[in-house]
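Participant: What follows is the residue order along each chain.
Number of protein chains: 4
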Amino acid sequence: MSKPEIAKLGHFGLVSTDLEKSLWFFKEILGLEETEERDGVHYLRAWGDFEHHTLTIRQGDEAKLDHIAWRTKKPEDVEGFAKILEESGTPVTWNEEGIEAGQGKAFRFQMPSGHTLEIYYEMEKTLADPKSRSVLKNQSHKSWARGVSPRRIDHVNLLSSLPANELADFLMDKLGFQMRECVQAPDGSLVGAWLSVTALVHDIAISHDPNAASTNEVHHISYWLDNAQDLLRAADILKENGIHFVGPGKHGISQAMYIYAIDPGSGVRVEIFTNGYLIFEPDWEPIVWTLDEMDVGFTYWGDQTDTKTENNPTIKA
Amino acid sequence: MSKPEIAKLGHFGLVSTDLEKSLWFFKEILGLEETEERDGVHYLRAWGDFEHHTLTIRQGDEAKLDHIAWRTKKPEDVEGFAKILEESGTPVTWNEEGIEAGQGKAFRFQMPSGHTLEIYYEMEKTLADPKSRSVLKNQSHKSWARGVSPRRIDHVNLLSSLPANELADFLMDKLGFQMRECVQAPDGSLVGAWLSVTALVHDIAISHDPNAASTNEVHHISYWLDNAQDLLRAADILKENGIHFVGPGKHGISQAMYIYAIDPGSGVRVEIFTNGYLIFEPDWEPIVWTLDEMDVGFTYWGDQTDTKTENNPTIKA
Amino acid sequence: MSKPEIAKLGHFGLVSTDLEKSLWFFKEILGLEETEERDGVHYLRAWGDFEHHTLTIRQGDEAKLDHIAWRTKKPEDVEGFAKILEESGTPVTWNEEGIEAGQGKAFRFQMPSGHTLEIYYEMEKTLADPKSRSVLKNQSHKSWARGVSPRRIDHVNLLSSLPANELADFLMDKLGFQMRECVQAPDGSLVGAWLSVTALVHDIAISHDPNAASTNEVHHISYWLDNAQDLLRAADILKENGIHFVGPGKHGISQAMYIYAIDPGSGVRVEIFTNGYLIFEPDWEPIVWTLDEMDVGFTYWGDQTDTKTENNPTIKA
Amino acid sequence: MSKPEIAKLGHFGLVSTDLEKSLWFFKEILGLEETEERDGVHYLRAWGDFEHHTLTIRQGDEAKLDHIAWRTKKPEDVEGFAKILEESGTPVTWNEEGIEAGQGKAFRFQMPSGHTLEIYYEMEKTLADPKSRSVLKNQSHKSWARGVSPRRIDHVNLLSSLPANELADFLMDKLGFQMRECVQAPDGSLVGAWLSVTALVHDIAISHDPNAASTNEVHHISYWLDNAQDLLRAADILKENGIHFVGPGKHGISQAMYIYAIDPGSGVRVEIFTNGYLIFEPDWEPIVWTLDEMDVGFTYWGDQTDTKTENNPTIKA
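Chains as they are written, first to last, in the numbering used here: chain B, 4 to 320; chain E, 4 to 320; chain A, 4 to 320; chain Z, 4 to 320.
Don't take every hint at face value.
Identical copies look the same in the list; a pair holds intra-copy or inter-copy alike.
[Said to hold, decoys possible] Using 25 Å as the maximum straight-line C-alpha spacing, the simulated SDA-like pairs for lysine to any residue come out as follows:
no., residue 1, residue 2
1, K6, L26
2, K30, E296
3, K134, W27
4, K140, P189
In short, the hints are calculated from the structure, not lab data.
Sequences and hints are given; from them, build the entire structure.
Facilitator: Dropping the structure here:
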């Protein structure tokens, strides 16, 4: 059997302490579509997402991302990854088909940092209901129905009190991610790492902060918009609706534009994201930034986050 | 040895009957950067292209694309593809390292339609000269130096009097391309086909026109811009400088925005291109459009090409 | 008493043969806000309009603009204009305060072409209801609530089988409009005229077509968006919702970008409009275009109207 | 004789301590066009400015705006304003025609704060040289020739250690400006004032800072771009060229987007400006903001200036 491979980021499993507020934020303000609600779990996606869902939200006692799901390239890759992980001492927990609506057999496991990931292949490519279905055969829902209206899921950024290289090494060794860009401390450890299995600069990033609340926090989840102007429109919408956010600005790393908005229900930070570059070179050498280049690297221009963790509570993943 | 794979579209080799005018168009109006000039060949690239060149231009008696080059995923894939092609009856012609500036050993061959392709792996990732170098470590040249200023090479669209499926089948069988979208005639043959080896909807497309001048024409070559607004700015620039163009408009197929501009030196059509969607699903089913869906599929909205081939001379590839 | 002056375009009074469909188009697709409904008349405005309404819609047997209203600079200018018009043989019809909701005493009259205009000064600057009110003190409603979401009313374009200069002369002589740009036929008559009392290139334009259905048709009414990108988003929304439209494109005259969409209820054409230039020079000389300059003047670039009147039914004004 | 009136902001007279660097900034980076150079004075304008110049730059020992020029509505208004000013105790200094290239007879005077203004009517509407002339009859130069490429001059913002209301009162009483928006301190004095004679929210603004270096500083001069996306492109250009700037962001007051860039030659701050609203209502009531509304009023969203004057040196006007 050939080496198993990850095809793409699949979805986020969000637990909110205020489901109603989170649904208002993700559906009315961000503008995601609801595919269905089952057993108290709301299955959402953006208008250009093809899979049944890219975000689930349910009520819980503690806000957290209870899993971050990755789709494999082939059906047999799910078993393949389970074998690799178990053989190297990482236990996995299986979920039968249909436990998560629309999804086939899948398993979850914890990274050494404690972050919970899920691996799956089978997922329904649900059609939108006729009223909201796009007239385009290559698009699920009509765009621009409500709110910010991003096109699709983009990436996740994990925050940890562990050095970023520890998490990155696991992702590269066990799951086949490639390092695309990173920020190196004088001691050689990584403060930030951007990795992908696709042409995107990152499907997943790791942020290290020695003052992070734990080893397994989530810095943000992210959805993609096609145009920078759409991001400015998003800022207007967020401000009019009382959503706290940072940005807009442009990263040097990834060259992408960002707004960081906080879901008032769960407290999860959502990066509204656009532009940037794609990597098609097969021999890409990671771009290594040093801390004294961060005036260009992190915020190329624009509004900058208050990076003090104590001012920016995060949720676990 | 594993199956050889194409990583990406590499570059276009353009022959112009009016080199000076083509250089003015590609350098001053489109805004490409010149890496070097050697033996009468000008090596150009966009500010975000990493390789030594994505377009070469030289003077000649007949305007044509004398090759369309593809980079492989691994060094040994070059030999691998040569073997596959020769064994199936397609002769290949080798170029030693350095025949084309910056490039390693490569070979060229003709598709059954007569279009000339090139396969290579080695290519210098030339740094921009200090004056025009970007302050960003992940970008070659400063952006927005002159003219339209696209970020990178995007795709090529071949035109043929042969059915599109004949060319597409060759690309899929021999080179590993995947069909992403297509337009089917009532007899089952394809009028258009969009194929890729990357997450782009197409690295290469095939347009069939029974009235095409030959089996091996080029419909257009294409460069990418990050934002739709940049395309509107491009329209202003083209109009002020007397360049003939069609657009802006939006395709349903690929969901991308376009302007088609004609290089007044060679007559090659250049699609200035932005937006659209990416394909990360590993089990993507080609989107099949019928001719009566072309009011949405070809021009979703906007300015539409006069599609009569006699009004739109093309060049050979 | 000093010469009376027009300050601005106020509103359009639209009669629709399918009120429900027109309300769907103007409220859900275009995204206007409804201030109130009274006696079957719906009073609408854009989120950035300060007055009580900029569009009224009511059901009727014949689709038409039953009046185009202009606000004067001073209260006494209403009487002033009535006097000027009556003394020069144009009868006026008075409407008492409150006949039109929010509006003070006003009068209507017909231009020699038969187009019905209204002159008023008093108009409530109604606050939006708290739920949709902007957090900005200088803006009425939250922006981007639904659909295209234009900022404000912009202009009206009258169509007539009479030469444009006849209508323009009346507007300049009696109402103080200034000619900003025009298109001149070889015989010296005007085919098009763009006039304003403000810094806009036109608050009103006149289009002449010898084949127009009458002397008093309306070519289009217009609402303004802040950015060209917003217009491209509008095209997506219109296409997804089955609205017939032409554009996007850019005029040379006025330098503005346009989409022309048809209200499926009344058949009135609505120009969604942005960019362009402002005129602050007090000694502005009208820009005179000739017919052979129309490749630049009318459609600078982009999708062009089928200008044949028989393919483009208009409504009376 | 009727009351004299100001039609518009005309131009800025900038003195730079490093002429070469200022010319590089304004011509290459900002992208203004040079109409002519005479006696060491460089006469610049944006591509959409109709007058001979909207900015002059000359070398000097102290960086400053040596005058801010205003065009009157009628030729006789120049004399009219001189009379009003002199009669109320403000001396004026006449410049004969041609002292400033392209300009007729004009006079300068100091506001009570010490800011130097100029009043003129006659100014050549110079055609661009054929090579850079626009194909549009209503536009001077081709757009997008170099750098940021703003359309036109927009406004000036004066900084003073005097309360803003003192400067605003003078502008309203003597020159006919109207207050459009203002920020009021608890004691009733104004911290900021935005005034205009046109439909723009401000042709001139006043910023009060008790720690300002003098009573007559300039906070910034401003040029206009058509689209928000053009501002983001400007940020890229400024960053690539090492220009210090703040933004992008959006003001609540005026609803306009901004970038504040510093000319490295003179130190003058230039606001690159777009969007916002226009005022056509003849009975506009000034929008009065309080200091505790400044989280919305000053920076609605985006990157915020370090407002401490000691960190932001200004030049005199």
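Participant: Report the numbers of all earlier hints that the structure fails to satisfy, in ascending order.
Facilitator: 1, 2
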